[in-house]
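2 protein chains.
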Amino acid sequence: MHIQEFQRLIEAMYLAKDRNRGVERTFLWFMEEVGELAEAIRTRDAEGLIGEFADVLAWLTTIANVAGVDLTAAVVRKYGSGCPGCGRFECTCPDAGKP
Amino acid sequence: MHIQEFQRLIEAMYLAKDRNRGVERTFLWFMEEVGELAEAIRTRDAEGLIGEFADVLAWLTTIANVAGVDLTAAVVRKYGSGCPGCGRFECTCPDAGKP
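Chains A and B supply the protein sequences, listed in that same order.
Count along the first sequence from 1, add 279, and you get the number used in the working numbering.
Count along the second sequence from 1, add 279, and you get the number used in the working numbering.
You may find that some hints are simply not true.
[Said to hold, decoys possible] To be clear about the criterion: a stretch of chain A counts as covered by chain B if any three or more of its residues have a C-beta under 8 angstroms from a C-beta of chain B, and this derived list gives those stretches:
(1) 302–310
(2) 344–350
(3) 357–367
[Claimed, not checked] If you only want the chain B side, here are some residues facing chain A, beta carbon under 7 angstroms, derived:
(4) Phe285
(5) Gln286
(6) Tyr293
(7) Leu294
(8) Arg304
(9) Ile329
(10) Gly330
(11) Phe332
(12) Ala337
(13) Ala343
(14) Val348
(15) Ala353
(16) Val354
(17) Cys362
(18) Cys365
[What the hints assert, rightly or not] Cross-link-like lysine-lysine pairs, in silico, DSBU-like; alpha carbons within 30 angstroms at most:
(19) B:Lys357 / A:Lys296
(20) B:Lys296 / A:Lys296
(21) A:Lys357 / B:Lys357
These aren't lab readings, by the way, just hints derived from the structure by calculation.
The beta carbon of each residue, even a glycine, is placed where N, CA and C say it ideally should be.
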């Protein structure tokens, strides 16, 4: 699935509700899912982990929709020409530094 | 760009460093980026926002790589047949409920 295809799927599914809720309240939902992802990692819940990754990605996408950000364009611009730190396709940045 | 293509790009770029760091420390980096996204939303920094969405998606993807989760399979399973709450492609769940 294309990132853009997923963003449109989430837009069709939720944008009307997302807009009414606003970006700040949508961010709270996103954080709730991030917490559930942390829990699934901590408890080594392999099955739950898959669902939590999907939910965090869906809520991140929904914030992008409300904020009017094209995720594909965003990642291509930042990572499409190599690591934003060292410019290589296999990162050689120092371990302590970003990214 | 396909979700899978982006996941492979991030894998090639960072997996060796990610594995050495481990999933818990990688999660801390992810949270740092989530904080920067919150700041860009709060300050209405339109240009910064695009980069922060890219970074949060990249770090989420990197955690998925370390955890061995295929993000495409995860989102198709959870959202590919409609809203996980109501089953429709345009969500009709009550506003107060998830999602």
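Cut-off 8 angstroms, C-beta pairs, minimum 3 residues; does the coverage of the stretch 357–367 of chain A by chain B stand? holds (count 6)
May I ask you to test the interface hint for B:Leu294 with respect to chain A, counting a Cβ-Cβ separation under 7 angstroms as satisfied? 9 angstroms, violated
Proposed interface contact between B:Ala353 and chain A, which counts if any beta carbon pair is under 7 angstroms: 4 angstroms, holds
For the restraint on B:Gly330, tell me whether the closest CB of chain A is nearer than 7 angstroms. 6 angstroms, holds
Hint status (Cβ of B:Phe285 to nearest Cβ of chain A, threshold 7 angstroms): Constraint on B:Phe285 satisfied, holds at 6 angstroms.
Is the interface hint satisfied for B:Cys362? The criterion is a beta-carbon contact with chain A at less than 7 angstroms. Check passed: Cβ of B:Cys362 comes within 5 angstroms of chain A, closer than 7 angstroms.
Using 7 angstroms as the Cβ threshold, decide whether B:Phe332 counts as touching chain A. 5 angstroms, holds
Is the coverage entry for the stretch 344–350 of chain A by chain B consistent with the three-residue Cβ rule at 8 angstroms? holds (count 3)
Double-check B:Val354 for me: the hint is only fine if its C-beta lies closer than 7 angstroms to a C-beta in chain A. 5 angstroms, holds
Given B:Arg304 was flagged as interface, is its beta-carbon under 7 angstroms from a beta-carbon of chain A? This hint is violated: B:Arg304 lies away from chain A, its Cβ roughly 10 angstroms from the closest one there, beyond 7 angstroms.
Hint check, B:Ala337 versus chain A [nearest Cβ-Cβ separation less than 7 angstroms]: At about 6 angstroms, which falls below the 7 angstroms cut-off, the nearest Cβ of chain A leaves the hint on B:Ala337 intact, so it holds.
Quick check on the hint: B:Val348 CB to chain A CB, less than 7 angstroms? 5 angstroms, holds
Of the hints listed earlier, those the structure fails to meet are numbers 5, 7, 8, 18 and 20, in rising order.
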